[in-house]
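Peer 1: In case you want the letters, here they are:
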Amino acid sequence: MSKTHVTTTINGDAVEYLCEPDQSMLEVLRDNLELTGTKEGCATGDCGACSVSLDGRLVCSCLVLGVEAEGKQIETIEGIANGSELHPIQQKFLENAALQCGICTPGFIVATKALLAKNPDPTEEEARYFLAGNLCRCTGYDKIIRAVLDAAAEMRGAAS
Amino acid sequence: MLQVDLSVDLQQFSSGLESLQVEAANIRELLEQLDLRFPGLGKKIEKDMAVTINGVIYQDTLIEPIEDGSEIYFIPKIGGG
Amino acid sequence: MSENKDYKWVGTRPIRPDGADKVTGKAAFGADKNLPGMLHGKILRSPFGHANIKSIDTSAAKSAPGVLAVMTSKDLPDLPSEMAEAGESAVDFRDLSQNILAADKVLYHGHAVAAVAATSAKLAQEALKLIKVEYEELPVVLEIEDAMADDAPILHENQFTSGDSTDKPSNVAAKMKLPRGDIEKGFAEADVIIEREFTTPTVHQGYIEPHAVTASMSASGHADVWCCTQGAFVVRAMTAKILGMDVGKVKVTPSEIGGGFGAKTTVYLEPVAVKLSEMSGRPVKMVMDREEILRATGPTSASVIKIKLGATNDGKLVAAEGTLKYGAGAYKGSPMGPGCMCVFASYEIPNFLVRGFDVVLNKPKVAAYRAPGAPMAAFAMESVMNEMAAKLDLDPIDFRLENAVKEGSVAAYGPKFPAIGFVETLKAAKEHPHYSAPLGKNQGRGIGTGFWFNVGMQSSATLNVNENGSVTLITGSADIGGSRASMALFAAEELSISYDLITPLVSNTEETSYCDVTGGSRTTFATGMAVVKAAKNLVANMKKRAANTWGVEVDEVLWQDGQAVPPFSSGKNPMSMAEIAASAAKTGGPLTASASLTAQGAGAGFGVHICDIEVDPETGKTDVIRYTAIQDAGKAIHPSYVEGQYQGGAVQGIGWALNEEYVYNDKGVLQNFGFLDYRMPVANDLPMIDTVIVEVPNPAHPYGVRGVGETPIVPPLAAVAEAVNNAVGVRICDLPISPPRLLAAIDAK
Amino acid sequence: MGSVQYHAPQSLEEAVPLLKEAQKTPSRILAGGTDLLIQMRAGVKTPDMLIDIKKIPEVTGIEIGPEEIRLGAATPSAVMDESVELHRQLPGVVEGMELIGSTQVQGRATPGGNLCNASPAGDGAPAMIAAGGQCVVFGSNGVRTIPVEEVCIAPGRTSLADDEFIQEFRFPTPKPGQADAYLRFIPRNEMDIAVVGVAANITVDASGTCTAAKVTLGAVGPTVVIADKVAELLVGTKLDDATLAKAGEMASGLGTPISDKRGTVEFRHRIAGVLTRRVIQIAATRAGERL
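Protein chains in written order, with our numbering: chain A, 111 to 270; chain B, 695 to 775; chain C, 988 to 1736; chain D, 210 to 500.
Because the hints were derived from the structure by calculation, they are not lab data. Be careful, since some hints might not be right.
Unchecked claim - From the structure, some residues in chain C lie toward chain A, with a derived Cβ separation under 7 Å:
1. P1004
2. G1006
3. I1195
4. I1467
5. G1468
6. L1545
7. W1546
8. Q1634
9. A1637
10. V1638
Cβ coordinates follow ideal geometry from the N, Cα and C atoms, glycine included.
Please take these sequences and the hints and turn them into a complete structure.
Peer 2: In structure tokens, the structure reads:
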């Protein structure tokens, strides 16, 4: 049972870890690195709670192996805020009451950041389509979608 | 005097009697009186039922005062998700 | 709409106190707790839907690498069959214990049989394969009507229908009867009678967070339990009872909870984790995977409900008959009772008869799910109400207004209603622009209404004033949907200080007084009541401190804007809360106030939903295109989270109506055990969910609050079905309205 | 309990010894992993060795030439979706891949992986077959080329040997007047497995007459059904409503679908007809726009 040594970058920090070759990135983040902000809802890629960005690409960390992170850049929910200053997406989720229990929230915020990087001015339909892989059982999505569109407007305003 | 109506499920204790009048100043006294008349009824209510006084539901309380002339009905306790 | 000018804080929408931790990933949920030296526990589950357990041999597993403990039901005390209070409702602890680890029989596929604790989850999983269980397979019974048949396979040889004088064991655990008037006479008076039978499938609450616990038993026999639960005190009571422990020796710390909807009001893992910790001498963590959750936790009942309804031509209901059969899963205790009490609760009907049946099946034991029993009952009754309105050529809202219960109406379940808001809610729906908006081709609109009792139960709250005048607010009520914000708003309003000065906490069972579960839509109502009461005690105390400082009579002191105000004649300056707190040492010691109560007078909640759908008539696919949820909240303390309850409940109901269902094979094996095929609504299945908060104050609450969490899941099922009917002209009585079912119905038209 | 070995060869050459080893050791090729990792976790697949091919330059990327389009087998569907030119040339092939799973899954899922998972309901294969796709199969003994339809031989089984993987797909670049489309039916709007999927690749001339056609159906049989009879029916017509209706009817009778948690036999037949009609219409409209 030899473990593999992996050198990677997580939220801008150079990180090294040992993992089993069949450990998922989600397990590595949560169990090996204690980055528990990334959540497990299904471990089959169907709920989006474990969303992270891998080399700028939105993925479910449960569908990535820890060994695959070698030499890559990973961003998790822990890397979204700038120190103690919330990212506009985080702020808009709070202002719009876009969370109830909050378990899906990290995944939604990571996914929203990926959406707005790709499409700074999404329509409601585009936002719903892009985020269809993130399940929320509490909110009915209404306030989440409003927060996403609100954050997009704010970020466009800040950029212009 | 309180007007007490019994649901079908409780009438097994009262040999089918649907309603009766009881003298009581609070829920504890009411249940004691019912148990005296129909052994087991008061205990059954205390364990499994909520008491309604003029339509207001009281659950898990013995001390609630009851005004004279009130209408009393018992319903199963309610939980929820 | 809900902003009330009389209040400074109540009715506003501040950011929730726990929000920043939840958007940054810092909030600790059930699976986020780790302890040094911790083991990982896994459960061996039944591969059969129904079987006798002949033997279990755990010897090989015990000596497997990394394994420190293996347990079966033999390691739990043999509890007598006994109904006992467990916080929210009565449970039979023998059933609960055997559901956690099967004793002589497995009653559903996925039923827990044994548990292993090992140094890693992987090793625990491997060790499960070494446990040898000898089963004797038995026939399964999955459908309610089959289970009630004379020749049905019997799940429990010692279960007799409660109230029946028979010595024949039955799958019918209990019956219920609720009569009024004379239904024969009533139906004889009716001009129109409609009779239909409805079925609803087994569905799951679908919370995203898996059940998770970390437990540590100390050498002195004191158990420390961290878990995600709707009620830490209930976990404590159940764990102690199942393990034969003193409740005072069990400490339960609730983590943040990632959704529950009723299913986290019971225990599955906690007693097992504690026992494994005791056996191994190490902390034990257990986390379910999604497949285990769907196979062995939650769901709510499948139902078969027959409704016969009679009305006169002028739209008066004269008679109703309802037969409601609910599947309980493996052990007795479906929500048959509340279902029967709800089914006719919204209307004045002079003659009715309701019969209920609680039926056991080879499926997981049902758990509470948002207004337990009511959505199925309302699907049936509201569908018939819609059909009746159409037959009588009446507007469906007018027809309901004609028969709606109001203050003074005698509820179908017995008592007389105090002030309620059904009529106001119906009127708000009728006036809403959505109700009269034009529709396109293949589109249809439907309405449904919903009722839920709401409950009070036990709560307590403590306010500790810090030396700068800020306040720590402690309760034991799990916060699932923003309740800490509401608690802080109550305290801010009562103390008339800034919301930001209040830090509301959810504490563990050893550091706060008893609170029942967050369920029954009770937290804002009942725990809120305790916070208000504690705050009033605190204000009284602070006025006394100020009066003593000034040497004036306490009843001369006013509390205004967060300060004690002396009588003008005293010539003294007002004392702020910070000043009173700073001088507390000299005026009697730390400032603290607590209150506890069994909250009475929970106000019934009524909702009306308007749903527009569009059907693809060639495929049977249905899309919800517009939706409005209107409900009486009594008083919305934090309107955003009230709206959130309406929206979330509506969408769970939409899922129930359109696509969610447990699909079993004939051996009782669930086929759709993941989120891929258990089809909960995703973001692009839905439109925005508009809301209207109606406020008819609950006279029993200091701020008029009614519970709001459960009612919203009640109306959607019938609203969606009626919208489909109005779009394509077929009345679906069997949920879900999945594309194959709808297409077949369109074909059969 | 043995642990899995993980290898990520950087080149085809580096892969050769690993593929040789794969003839002796139970192994799986790892591309996007969106099926494989779930199957491993569920204990359905228990390889002792994983060969991650994503670092081999030849297996990713898109090249569009005048005669031929090259698509690396391990190109994530999100990358396919972002290629404007691929969308223009083979919109149906892109549609098949971009319908798989969520945005998150799109970031990982690959056409080669989708094909080799050999699910009867795989969304990738129908349009790739309709587009006349060929697979370049790399093995420890060299390279061979086979049509896409020859890869899947049964649910979960492919014709590839233990020491082979798909390196890339090659499609003839569509001619003027030629276009494709893919439609599937799912009960929700996202995140489901196809109940039925249908692809059409249609060529029309300036008069609107169909000169060539290929129609393929997924999830109505153990492998993709190539509806040659439907294609024959279309050629020579102007794809008028009556022809399309007839094509739909014909498609309804094809295949040997099963009843399962996702749909019934009857429903699958019905939907196959509806989708066939609709997808031909879409492909024909696109074809007309490319004249």
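Peer 1: Hint by hint, where does the structure go against what was stated? Just the numbers, ascending.
Peer 2: Numbers 1, 6 and 7, in rising order.
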